[in-house]
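Sequences and hints are given; from them, build the entire structure.
These are the residues of each chain, in order.
Number of protein chains: 2
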Amino acid sequence: MPETLPVTLRDVQDAAARIKGVAHRTPVLRSRTLDERVGAQVFVKCENLQRVGAFKFRGAYNAASRLTAEQLAKGIAAYSSGNHAQAVALAARELGTTAVIVMPEDTPRSKLEATAGYGAEIVTYDRYTGDREAIGQALAAERGLTLVPPYEHPHVIAGQGTAALELIEEVGELDALVVPVGGGGLIAGSATAAKGMLPGIRVVGVEPEAGDDTRRSLEAGRRVSIPVPRTIADGQAADIPGELTFSINRCLLDGISLVSDDQIRDAMRFAFERLKTVVEPSGASALAALLAHRIDSLPRRIGIILSGGNISAERFTEILNG
Amino acid sequence: MPETLPVTLRDVQDAAARIKGVAHRTPVLRSRTLDERVGAQVFVKCENLQRVGAFKFRGAYNAASRLTAEQLAKGIAAYSSGNHAQAVALAARELGTTAVIVMPEDTPRSKLEATAGYGAEIVTYDRYTGDREAIGQALAAERGLTLVPPYEHPHVIAGQGTAALELIEEVGELDALVVPVGGGGLIAGSATAAKGMLPGIRVVGVEPEAGDDTRRSLEAGRRVSIPVPRTIADGQAADIPGELTFSINRCLLDGISLVSDDQIRDAMRFAFERLKTVVEPSGASALAALLAHRIDSLPRRIGIILSGGNISAERFTEILNG
Chain W
0 MPETLPVTLR
10 DVQDAAARIK
20 GVAHRTPVLR
30 SRTLDERVGA
40 QVFVKCENLQ
50 RVGAFKFRGA
60 YNAASRLTAE
70 QLAKGIAAYS
80 SGNHAQAVAL
90 AARELGTTAV
100 IVMPEDTPRS
110 KLEATAGYGA
120 EIVTYDRYTG
130 DREAIGQALA
140 AERGLTLVPP
150 YEHPHVIAGQ
160 GTAALELIEE
170 VGELDALVVP
180 VGGGGLIAGS
190 ATAAKGMLPG
200 IRVVGVEPEA
210 GDDTRRSLEA
220 GRRVSIPVPR
230 TIADGQAADI
240 PGELTFSINR
250 CLLDGISLVS
260 DDQIRDAMRF
270 AFERLKTVVE
280 PSGASALAAL
290 LAHRIDSLPR
300 RIGIILSGGN
310 ISAERFTEIL
320 NG
Chain U
0 MPETLPVTLR
10 DVQDAAARIK
20 GVAHRTPVLR
30 SRTLDERVGA
40 QVFVKCENLQ
50 RVGAFKFRGA
60 YNAASRLTAE
70 QLAKGIAAYS
80 SGNHAQAVAL
90 AARELGTTAV
100 IVMPEDTPRS
110 KLEATAGYGA
120 EIVTYDRYTG
130 DREAIGQALA
140 AERGLTLVPP
150 YEHPHVIAGQ
160 GTAALELIEE
170 VGELDALVVP
180 VGGGGLIAGS
190 ATAAKGMLPG
200 IRVVGVEPEA
210 GDDTRRSLEA
220 GRRVSIPVPR
230 TIADGQAADI
240 PGELTFSINR
250 CLLDGISLVS
260 DDQIRDAMRF
270 AFERLKTVVE
280 PSGASALAAL
290 LAHRIDSLPR
300 RIGIILSGGN
310 ISAERFTEIL
320 NG
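Quick note, the sequences are listed as chains W and U, same order.
Just so you know, we're using numbering that gives the first Met the number 0 here: the first sequence kicks off at 0 and counts up by one.
Just so you know, we're using numbering that gives the first Met the number 0 here: the second sequence kicks off at 0 and counts up by one.
Errors might be hidden in some of the hints.
Given that identical chains are not distinguished, each listed pair holds provided it fits within a single copy or across any two copies.
Stated by the list, open to error - No more than 20 Å apart at the CA atoms, straight line, and that leaves these computed lysine to any residue pairs for SDA-like: (1) K110 with T97; (2) K19 with R29; (3) K19 with T7; (4) K110 with R268; (5) K110 with R36; (6) K110 with E35; (7) K19 with E169; (8) K19 with V170; (9) K19 with R9; (10) K110 with T32; (11) K73 with A140; (12) K110 with R273; (13) K19 with S30; (14) K73 with I121; (15) K19 with R92.
It should be emphasised that the hints constitute simulated quantities derived from the structure, not laboratory data.
Here you go:
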């Protein structure tokens, strides 16, 4: 592993020390049915059981906890319609400060309420006419807030890597680690931790077929932008990899597998009926890749991350009936 | 705790040694949202994540593993339309023998398939004309099989108690333990373990309002039979407590709380959306009692058991829309 990368195993270990006692050490599930279906031993790291229901809390808390007392006194900010919003809101509350979250007007009410429930102030904008980045930055400048980005920050990436660190600490040697790819923060941190601990491990990312910006970028050797993807995996609907995350991922990833929306649906059903656990579409994509045999020459011991579980019962049913 | 009871803490500890490495040591979930809703610290023991998706495997395996080599060579048998069927089927497979399971003809296909999937032979009968007990006993006599009952056996009860044992080993002192009551095996074993380890603990059972045979029996001081209950909690639709389980429960239980089917629905939704975990109706009743504030003067640290998670995505939706 190149030592010149912007995030190191040491950074992930530091993040693990910071989040200890604040983030959950999530359980690792085993299922013989899954092992039989896949033809390997599979270790399932349940970040759907993380606080706020997704791995995002790890990175948000690690980043926010490193701000100065002065920065924290002024407050933090984020723009997100997804799990990062709740993660920053909760991180702020845990650190005794406040968060302002910029969210599209048409964000599902449950997500607005969950974010407000952690004590954050919500600022909405029209997603068709407004530019969330500009709004977020203007707001931050005006009020002196510090923005916590969803993935383009070394502390965020290091925080996300703690999920893989915990998994390997708990189960030991793994031959491969399979991780969903959205903006690329989770897999960049996971690959940093995994390859630092187990130099021979294969790290495979999973994207929805419609949202294969990272796969295309890895092939091209540079960041490639694609049309905004149409997929049920809303957390993976990125149209271009992050600059920082891609600079890590192009060095550390061994490949990207793609899954269809139907394969994601099957994985959500499998998780529900066999693993008794709830995953949102983006959270199910690594599992989908295994169940649909989308990863070539699978090794013997495989770790995967179920990255999030934020979905209402109604939306879950709608998707399964898709 | 009377020392003359038919199952002791020592029996539960012996069962724990037997099932070690065969049954899962299931995780204990925490949720601040749950703690806030309940006004206490709640420790959730996830038996929905046990092998076969329910606590039943603990007791079935403990009982079957104590049979003689000769008994095991001939095979084991059970009658059940529910989780006990799969539990006995898997216990047989783990012990290198075969199981014959007597099930109603109209058992949902998914349950028939799951049971057959563990290698069991299924014998069906017409639930309106046949007597499953008579069929099971005739079959056992004819083929020399040993019947493993769902709750009326000390080894089964001791096995079920290992869930509470693990919970208390992991989280330490608890003021109360809240457990679903069907035939009474899970709570009899749980109360034996809990009161043996923590003499001051309060053990509360939860029954569906329509199926309050144990509550009535405790009030009457003797086993009372009720009309077959109509409730979504099919695993708790017992019409009379077991003789053996009741002999333990009348000595050890501190009370029974009742929950409505709607309260169970709410708890299933809460488990899905907030705990990201799948519970069947019977498996959700202890959680329902907490969320609906059906337990008086709640103490500070409470353990509950989510006892099972075997439900299809379709049936789950149907129940939530019920």
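| Hints violated by the structure (numbers, ascending) | The structure breaks none of the hints.
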